[in-house]
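Spelled out, the chains give:
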Amino acid sequence: GAVVSQHPSWVICKSGTSVKIECRSLDFQATTMFWYRQFPKQSLMLMATSNEGSKATYEQGVEKDKFLINHASLTLSTLTVTSAHPEDSSFYICSASIAFGGNSYNEQFFGPGTRLTVL
Amino acid sequence: DAKTTQPTSMDCAEGRAANLPCNHSTISGNEYVYWYRQIHSQGPQYIIHGLKNNETNEMASLIITEDRKSSTLILPHATLRDTAVYYCTLIRGAQKLVFGQGTRLTINP
Numbered sequence: 011g012a013v014v015s016q017h018p019s020w021v022i023c024k025s026g027t028s029v030k031i032e033c034r035s036l037d038f039q040a041t042t043m044f045w046y047r048q049f050p051k052q053s054l055m056l057m058a059t060s061n062e063g064s065k066a067t068y069e070q071g072v073e074k075d076k077f078l079i080n081h082a083s084l085t086l087s088t089l090t091v092t093s094a095h096p097e098d099s100s101f102y103i104c105s106a107s108i109a110f111g112g113n114s115y116n117e118q119f120f121g122p123g124t125r126l127t128v129l
Numbered sequence: 006d007a008k009t010t011q012p013t014s015m016d017c018a019e020g021r022a023a024n025l026p027c028n029h030s031t032i033s034g035n036e037y038v039y040w041y042r043q044i045h046s047q048g049p050q051y052i053i054h055g056l057k058n059n060e061t062n063e064m065a066s067l068i069i070t071e072d073r074k075s076s077t078l079i080l081p082h083a084t085l086r087d088t089a090v091y092y093c094t095l096i097r098g099a100q101k102l103v104f105g106q107g108t109r110l111t112i113n114p
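From first to last, the protein sequence lines stand for chains A and B. Take 11 as the starting number for the first sequence in the working numbering and just add one per residue. Take 6 as the starting number for the second sequence in the working numbering and just add one per residue.
Bound-form chain A, shown alone:
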């Protein structure tokens, strides 16, 4: 199956610093990439959808200036958490999507996640 990687797998940073998380599709070109956030004992919450070469579409309540998404190529998307605070501590997961059957359905492949801890 298709493989999606994330780097780093975990990161600890000081409050006020920025953290960049990379999401790569290793053996396929993704039409779309998605970023999710997951707090302990909760479900995944979609943060934003990004397509290569265009601006990301953010979900309601997600600050686009705080969570910067860059989708530079069909295999790489980055999420930068700017001026991180302890409440940003969470498990961040990306997924990459391939369209099948003339876009009749998309299959999403998920990365392993990045655990961010802000002190």
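Take these hints with a grain of salt, some might be off.
[Stated by the list, open to error] Partial chain A-side listing against chain B, Cβ under 10 Å, derived:
(1) Gln16
(2) Met55
(3) Phe77
(4) Ser99
(5) Ile103
(6) Ser105
(7) Arg125
[To be verified] Listed next, the in silico DSS-like pairs over lysine-lysine satisfying Cα-Cα at most 30 Å (straight line):
(8) B:Lys8 to B:Lys101
(9) B:Lys74 to B:Lys57
(10) A:Lys76 to B:Lys8
(11) B:Lys74 to A:Lys76
(12) A:Lys30 to B:Lys101
(13) A:Lys76 to B:Lys101
(14) A:Lys24 to A:Lys51
(15) A:Lys30 to B:Lys74
(16) A:Lys51 to B:Lys74
(17) B:Lys101 to A:Lys65
(18) A:Lys30 to A:Lys76
(19) B:Lys101 to A:Lys74
(20) A:Lys51 to A:Lys30
(21) A:Lys76 to A:Lys51
(22) A:Lys76 to A:Lys65
(23) B:Lys8 to A:Lys65
(24) B:Lys74 to B:Lys8
(25) A:Lys74 to B:Lys8
Calculated directly from the structure, the hints in this document are not laboratory data. Each residue gets a CB set at the ideal place from its N, CA and C atoms; glycine is no exception.
Once you have looked at the hints, place chain B on chain A.
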């Protein structure tokens, strides 16, 4: 908002079949039913998907009712490694994937 409802938790004995139900009464004609699972502190893993017909792969079977308003994921011989949160979701075309709360399945020895 998620368009599916699932029981919060279920238990199953190791070696037995685990049957996980999902209700999706407002499903649209061209929405696929997808199942993912998430083992603790990992990214979600694709299990199976279907549109109308029942499906089977090396991991599981998916039974979709004739009216498509509900489905059941079957793990035929559950092992301890199948302990995870199982998510049932609906996808149409390039539509974004929205996760509900899922079912926390615990396989007991």
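(Q) Flag every earlier hint the structure violates by its number, smallest first. (A) 3, 4, 11, 15
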